[in-house]
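K.L.:
Residue strings, one per chain:
2 protein chains.
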Amino acid sequence: MTVVNDLRRMFRPASIAVIGASREAGKVGYSVVKNIVEGGYRGGVYPVNPRATEILGLKCYPRVADIPGPVDVAIICVPAAIVPSLMAELGAKDVPVAVVLSSGFAETGNQGLHSALVDAARTAGVRVLGPNIFGYYYTPVNLCATFCIPYTKRGSIALTCQSGGVGMAVIGFTRAHGVGVSAIVGLGNKADLDEADLLEFFAQDAHTAVVAMHIEDLKNGRRFLEVAGRVSKVKPIVALKVGRTESGARAAASHTAALTGEDSMYEAAFRQGGVLRARTLEDLFDWARVLTVLPPPPGENVVIHTGAGGLGVILSDACHDHGLRLMAVPPDLEHKLRQHIPPFGSFTNPVDITGASPPETYAATARLLLMDTRVHSLVFGYWQTIITPPMAFAEAIAAVVDEARAVGIRKPVVASLSGDVAVEDAATYLEERGIPSYPYAPERAVAALAAVYQWSRHRASPVTGGRADLSAPRP
Amino acid sequence: MTVVNDLRRMFRPASIAVIGASREAGKVGYSVVKNIVEGGYRGGVYPVNPRATEILGLKCYPRVADIPGPVDVAIICVPAAIVPSLMAELGAKDVPVAVVLSSGFAETGNQGLHSALVDAARTAGVRVLGPNIFGYYYTPVNLCATFCIPYTKRGSIALTCQSGGVGMAVIGFTRAHGVGVSAIVGLGNKADLDEADLLEFFAQDAHTAVVAMHIEDLKNGRRFLEVAGRVSKVKPIVALKVGRTESGARAAASHTAALTGEDSMYEAAFRQGGVLRARTLEDLFDWARVLTVLPPPPGENVVIHTGAGGLGVILSDACHDHGLRLMAVPPDLEHKLRQHIPPFGSFTNPVDITGASPPETYAATARLLLMDTRVHSLVFGYWQTIITPPMAFAEAIAAVVDEARAVGIRKPVVASLSGDVAVEDAATYLEERGIPSYPYAPERAVAALAAVYQWSRHRASPVTGGRADLSAPRP
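Those protein sequence lines, which keep their order, are chains B and S. The letter at position 409 of the first sequence is residue 413 when you use the numbering used here, and the numbering goes up by one with no holes. The letter at position 238 of the second sequence is residue 242 when you use the numbering used here, and the numbering goes up by one with no holes.
These aren't lab readings, by the way, just hints derived from the structure by calculation. All C-beta atoms, glycine included, are put in the ideal place defined by N, C-alpha and C. You may find that some hints are simply not true.
To be verified - Just a sample of chain B residues kept apart from chain S, beta carbon distances all over 12 angstroms, derived: (1) ALA96; (2) VAL145; (3) LYS245; (4) GLU286; (5) THR358.
Unchecked claim - A partial selection of chain S residues facing chain B, derived with a Cβ cut-off under 10 angstroms: (6) ARG179; (7) SER251; (8) ALA256; (9) LEU319; (10) HIS324; (11) GLU364; (12) ALA410; (13) ARG414.
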């Protein structure tokens, strides 16, 4: 597909032109060159600026035409008014994509300039990313074509966003959770390339496992639906649709000239396209991350395991809210659990091993549940006790999960932890071992597991027939 | 009031008896003595155990009656079956409150033992906290009468909970946020003392500013409503009602023998009693914390201040969702803002100073908004840029807030931060200066501000007439 070929050149360029490159620290055209270089990109970097001979040690060219050899992408940092006039030049040089960082188009009411850009790009055969964006990242080649900061921690989440603030937030969020990204792409005003185009690319990108999307509007809902419906069968798509409310829609209009539209329309489109809908930025990031970490559940049977009955109650409520089914513990499994749990515990679901349990009881009961093929996923609700401190819990659970993996058993496991701040270290330990873990926030553990279930159900649903089973209600 | 006098003795005891104190590490009766001593409590501690002469260096007494001088509270760690038989002894010694940690009462179906305890306590004139609890904390006197861990970080949040897991979670949450608690109280099965009794105490407790409640059921809804309606006019009450769903209700029945009841009934009761209803544990803690930190807003006019238009959109949606009103920026204020913001920014609300702004622009525009008496509260949506790194933002904002405070201007300010992990340090810096700050989670900043608005509106609403204005809808 043409657009995928164009985007392949943009994401894995052999050479990059930065038009409007600057020697002046603090300028966008300076930061972009600096970030590309400091990020560790290995290809050719060609600053373009008729009034400079060298920028950050790189030879500077007066015009794109003067660059020797082919150029795979042009990053544009010149004032908005002259951006359309560059398109013919780029076309002549066979540059497939212009990444337009410049602001001052439709988002400030300048619809004329927007149309001029669209027309010029189309005539020249150049695809446009933006305008009004911070740029993009693609970690497989250490590419930081942005005026923000370098970020090259590799992972398998690709994020498209209409806001630099959202793009920057995913950097800290993923780093804080010890994961990374494959790509972060600013879409801004979407004069040309949009979510559907990026989905086509990420669908075939071996470095991307999950696509997260921050959406202010969809300019071509039908095409998005068609592409998302296809891609979501292969890779999970999570979306945060903003500008849902009157206040938000007004803000979006002045941000990216977005016509945010009726929220119910998006709700239906996401459902039909198999797109998981997050309600907050934190959920968007967290679900995307968890979808890259957890295996698909082999079935609907969820079991809650806790040492604090009260956490069991909270987790049960959350399971109900998120459409997860608590398995009725079969008598033979209950019998085995009873060997380890005091009589005042609970052997139904939630399984409550009580606060008096040592690490061995955590391990023994977790093992029974993990090894039982009728149990398809596990939610732990740990609370700190003197007899089983946070790290003892974390080590016990991680060891049992490892045992299970060693015999080929892979099912989603999430944990919530209550206690003093030491539970934060225990959570990090578990996360490093593929167990998403939530200190002080039991409901978030369940929400994350539910995201995995939602996608799993969607993937298993018939391809035709439209409506995907994304029916988990929100509280 | 009698119950308040009894609870005063329980929270500020001159002496404590621990019945069932043990020399054996790992036993509840050992941990309780250890935590009381290690927590730094200065009063008399009297272990009671007929088979020991000394526990942790403290002289041991065979029976309560043998303790010299008065006893203000008895912590009970003996097997459930013999708990009722202790009540007469406690009554004879004039011990006002028995804190029953023992499990094995109604929560395991032993209704008979429950009734025996209630009857014996009533006959003896002893109030009962619990049974089936982890104990309680009261930081003003460094009292850790619990089998969990010592925790003495002082703050002004009092938490009542029906779960040790919830009680432990608040420890880590508050410590992580640099705040503390006044009290953490386990209520468990509530054979006698309940939320209403604790509310009466906390209402008059100078060390408590906010009461947070984790509730599985209310055994006397009418009394709770009466007391909460009165107390909530003086101090904010935030509640998390769990066991809302069928799964949760089942779990609650086996946890604290709770009859969780219809959720709609609780919804109405909370509304009428002026109780802020949190939907997640994290919200319960966070709103309580923010209510101890932020001043009441002088009015309804909220302004969003951001450097990233996209964060402005997300924050606007959240304001709408939480019933907050975005002020229309008056022309004279807009004129002043325009002196500092590039023309492609936004001068309406959200105020978007754009990503190209240096710290001085953050300070100047924040100052204009903070000093303007028509602006009643501020939400910052920061995103990391090279020109204004996270700590530069934090220092600029904190300095301006200090300036405002110095001239007597106090309005709620919250911040959300997007960027690399450095924003977490910036958030901590702001939090230490009384500005609740949320990395990667803009919606949570607004939810927290909304909690302050909810209480402020409730406090201003007429005392009679029943229905409080707690009408902010949830997304």
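K.L.:
Please flag the earlier hints that this structure goes against, numbers listed from lowest up.
P.N.:
3, 4, 5, 11, 12, 13
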